[in-house]
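*Asks:* Top line first, the protein sequences correspond to chains U and Z.
Take the first sequence: its position 104, counting from 1, is numbered 107 in the working numbering, and each next residue is one higher.
Take the second sequence: its position 159, counting from 1, is numbered 162 in the working numbering, and each next residue is one higher.
No lab work stands behind these hints, which were simulated from the structure alone.
Computed from a predicted model, the values in this text were never measured in an experiment.
Watch out, some of these pointers could steer you wrong.
Identical copies look the same in the list; a pair holds intra-copy or inter-copy alike.
As the list claims (entries may be wrong) - Listed next, the in silico DMTMM-like pairs over lysine to aspartate or glutamate satisfying Cα-Cα at most 20 angstroms (straight line):
| id | residue 1 | residue 2 |
| --- | --- | --- |
| 1 | LYS138 | ASP240 |
| 2 | LYS139 | GLU5 |
| 3 | LYS212 | ASP225 |
| 4 | LYS213 | GLU73 |
| 5 | LYS61 | GLU94 |
| 6 | LYS61 | GLU167 |
| 7 | LYS234 | GLU94 |
| 8 | LYS202 | GLU219 |
| 9 | LYS213 | GLU167 |
| 10 | LYS95 | ASP240 |
| 11 | LYS151 | GLU73 |
| 12 | LYS151 | GLU22 |
| 13 | LYS138 | ASP215 |
| 14 | LYS99 | GLU219 |
| 15 | LYS6 | GLU25 |
| 16 | LYS8 | ASP228 |
| 17 | LYS202 | GLU167 |
There are 2 protein chains.
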Amino acid sequence: MEKRKLETCFSPALFVPGENLESIVVIIDILRASSAICTAFANGAVAIIPVADISEAKNYKARGYLVAAERDGYVLDFADFGNSPFNFTREKVEGKIIVYNTTNGTGAINLASSAYMTVVGSFLNIGALTQWLIKKDRNVLLFCAGWKNRFNIEDTVCAGAIAEILMASNLYFSVCDSTLAAIDLWSLASHDLPGYIEKAAQRTRLRDKKLDDCIEFCLTSDYTDRVPVMKSGILVDNI
Amino acid sequence: MEKRKLETCFSPALFVPGENLESIVVIIDILRASSAICTAFANGAVAIIPVADISEAKNYKARGYLVAAERDGYVLDFADFGNSPFNFTREKVEGKIIVYNTTNGTGAINLASSAYMTVVGSFLNIGALTQWLIKKDRNVLLFCAGWKNRFNIEDTVCAGAIAEILMASNLYFSVCDSTLAAIDLWSLASHDLPGYIEKAAQRTRLRDKKLDDCIEFCLTSDYTDRVPVMKSGILVDNI
Numbered sequence: 004m005e006k007r008k009l010e011t012c013f014s015p016a017l018f019v020p021g022e023n024l025e026s027i028v029v030i031i032d033i034l035r036a037s038s039a040i041c042t043a044f045a046n047g048a049v050a051i052i053p054v055a056d057i058s059e060a061k062n063y064k065a066r067g068y069l070v071a072a073e074r075d076g077y078v079l080d081f082a083d084f085g086n087s088p089f090n091f092t093r094e095k096v097e098g099k100i101i102v103y104n105t106t107n108g109t110g111a112i113n114l115a116s117s118a119y120m121t122v123v124g125s126f127l128n129i130g131a132l133t134q135w136l137i138k139k140d141r142n143v144l145l146f147c148a149g150w151k152n153r154f155n156i157e158d159t160v161c162a163g164a165i166a167e168i169l170m171a172s173n174l175y176f177s178v179c180d181s182t183l184a185a186i187d188l189w190s191l192a193s194h195d196l197p198g199y200i201e202k203a204a205q206r207t208r209l210r211d212k213k214l215d216d217c218i219e220f221c222l223t224s225d226y227t228d229r230v231p232v233m234k235s236g237i238l239v240d241n242i
Numbered sequence: 004m005e006k007r008k009l010e011t012c013f014s015p016a017l018f019v020p021g022e023n024l025e026s027i028v029v030i031i032d033i034l035r036a037s038s039a040i041c042t043a044f045a046n047g048a049v050a051i052i053p054v055a056d057i058s059e060a061k062n063y064k065a066r067g068y069l070v071a072a073e074r075d076g077y078v079l080d081f082a083d084f085g086n087s088p089f090n091f092t093r094e095k096v097e098g099k100i101i102v103y104n105t106t107n108g109t110g111a112i113n114l115a116s117s118a119y120m121t122v123v124g125s126f127l128n129i130g131a132l133t134q135w136l137i138k139k140d141r142n143v144l145l146f147c148a149g150w151k152n153r154f155n156i157e158d159t160v161c162a163g164a165i166a167e168i169l170m171a172s173n174l175y176f177s178v179c180d181s182t183l184a185a186i187d188l189w190s191l192a193s194h195d196l197p198g199y200i201e202k203a204a205q206r207t208r209l210r211d212k213k214l215d216d217c218i219e220f221c222l223t224s225d226y227t228d229r230v231p232v233m234k235s236g237i238l239v240d241n242i
């Protein structure tokens, strides 16, 4: 059987849209967008509409949607709650369509729109995600959303964890230095993931804003078996 | 004493020119441009003019300059020799001004032109380079030239080796995830650098073109104490 290609992209600034027409792109933004989105589906959300723009989020709110939006750690006055995974409880999200306002994650999702398919990955759904990818039998691009176009450690380490599982299946090959580096960084991080992430710049930013209560949760593997899939600009459950 | 900032950039696509006005930018392109340039100065070259364009290189040749230029592993017919460090022997380069045709390296050098100063780094001059940087007492950006804007392992590992020395001096701080990741990858590579670089995509590309004879040399530390410095678009010796 022909092996599938596995690649990793460390930042939206490194993404080349035309190159991934045949690939499944996995958006990774674990602190906090991709973890929050996985949690919402775990708790029964029907769909998530990612929007980059505050005024767009406001318009959705006026039309009756649940809206998650914050800036610099403060929940925006018109929003229902902020962007932490802990906000997406079953009581709040079950059966609901939610608008999720995020600059980073949405930018990555838009860039990936030319891909064969776009899905959302995090530690929270890593087992289900990798099984789902293997079944799909397609080339895969692990796309780290980064922060303001910069490389970040936490998304890279998650990409490395996903890549390690996919490579172990023996169904993929990789001639991509980013993938190999991500796997190596994961090998250093895996024994004490919260300890390793301590040095990440985003860890410090979240601590400074007192938004770091969810980090340990975001580093938990296999909290859910949901794989959020992008369909016509809206994230829905894979089932 | 106030500590200086140390940052790392993994690709020209990630470089933000306006951010480094006060920094010394170290261009790292070890397979093979930055290693070849260090070797040329070690062997007595007076200056190196990096040019991205073949027709520009041709013009220099017509005016009597020594020109190093190749495409896809073949020395261009008008050039004196190719881009391998092994071409820059004392017999050929001592006392000479050399034109070095390279797409990657030159792109990075041009991007860095707004920086306080631009220098060339490799394993070959790592000891002298780090001592020189410490004496300069400035913010430092380690700028990996990459390959076609992609992240690459070999430049990252070299950046990590340089960063480890600078951080050990206790004169620098880093809140840059790229620097921390580079140091970690260097910690994995340092025990067997040629073995580690085996998996790099550029290693394979050079092997396929039979241009890999110089790799072991390019991974040698402290072959020279020269630090090539950019002055008005021309690289000269730091002395």
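*Asks:* What label fits LYS95 with ASP240 when the C-alpha limit is 20 angstroms: within, between, both, or neither?
*Replies:* within (17 angstroms within a copy, 66 angstroms between copies)
*Asks:* Please sort LYS6 with GLU25 into within, between, both or neither, judging by C-alpha distance up to 20 angstroms.
*Replies:* within (14 angstroms within a copy, 48 angstroms between copies)
*Asks:* Which holds for LYS61 with GLU167 at a C-alpha limit of 20 angstroms: within a copy, between copies, both or neither?
*Replies:* neither (40 angstroms within a copy, 47 angstroms between copies)
*Asks:* I want to check one pair: LYS213 and GLU73. Are their C-alpha atoms no more than 20 angstroms apart within a copy, between two copies, both, or neither?
*Replies:* within (13 angstroms within a copy, 55 angstroms between copies)
*Asks:* Go through the copies and call it for LYS212 and ASP225: within, between, both or neither, with a Cα cutoff of 20 angstroms.
*Replies:* neither (27 angstroms within a copy, 44 angstroms between copies)
*Asks:* For the identical chains here, do LYS213 and GLU167 meet the 20 angstroms Cα criterion within one copy, between copies, both, or neither?
*Replies:* neither (32 angstroms within a copy, 31 angstroms between copies)
*Asks:* At most 20 angstroms between C-alpha atoms: does LYS61 with GLU94 qualify within a copy, between copies, both, or neither?
*Replies:* neither (22 angstroms within a copy, 71 angstroms between copies)
*Asks:* Classify it for me, LYS202 with GLU167: is the Cα-Cα distance of at most 20 angstroms met within a copy, between copies, both or neither?
*Replies:* between (22 angstroms within a copy, 15 angstroms between copies)
*Asks:* Treating 20 angstroms as the Cα threshold, decide for LYS8 and ASP228: within, between, both or neither.
*Replies:* neither (24 angstroms within a copy, 42 angstroms between copies)
*Asks:* Is it within, between, both, or neither for LYS151 and GLU22, if the alpha carbons may be no more than 20 angstroms apart?
*Replies:* between (22 angstroms within a copy, 13 angstroms between copies)
*Asks:* Using 20 angstroms as the alpha carbon limit, work out where LYS234 and GLU94 are close: within a copy, between copies, both or neither.
*Replies:* neither (25 angstroms within a copy, 64 angstroms between copies)
*Asks:* With 20 angstroms as the alpha-carbon cut-off, assign the pair LYS139 and GLU5 to within, between, both or neither.
*Replies:* Cα proximity of LYS139 and GLU5: one copy only (14 angstroms, versus 54 angstroms across).
Violation of the numbered hints given earlier is confined to hints 3, 5, 6, 7, 9, 13, 14 and 16; the remaining hints are satisfied by the structure.
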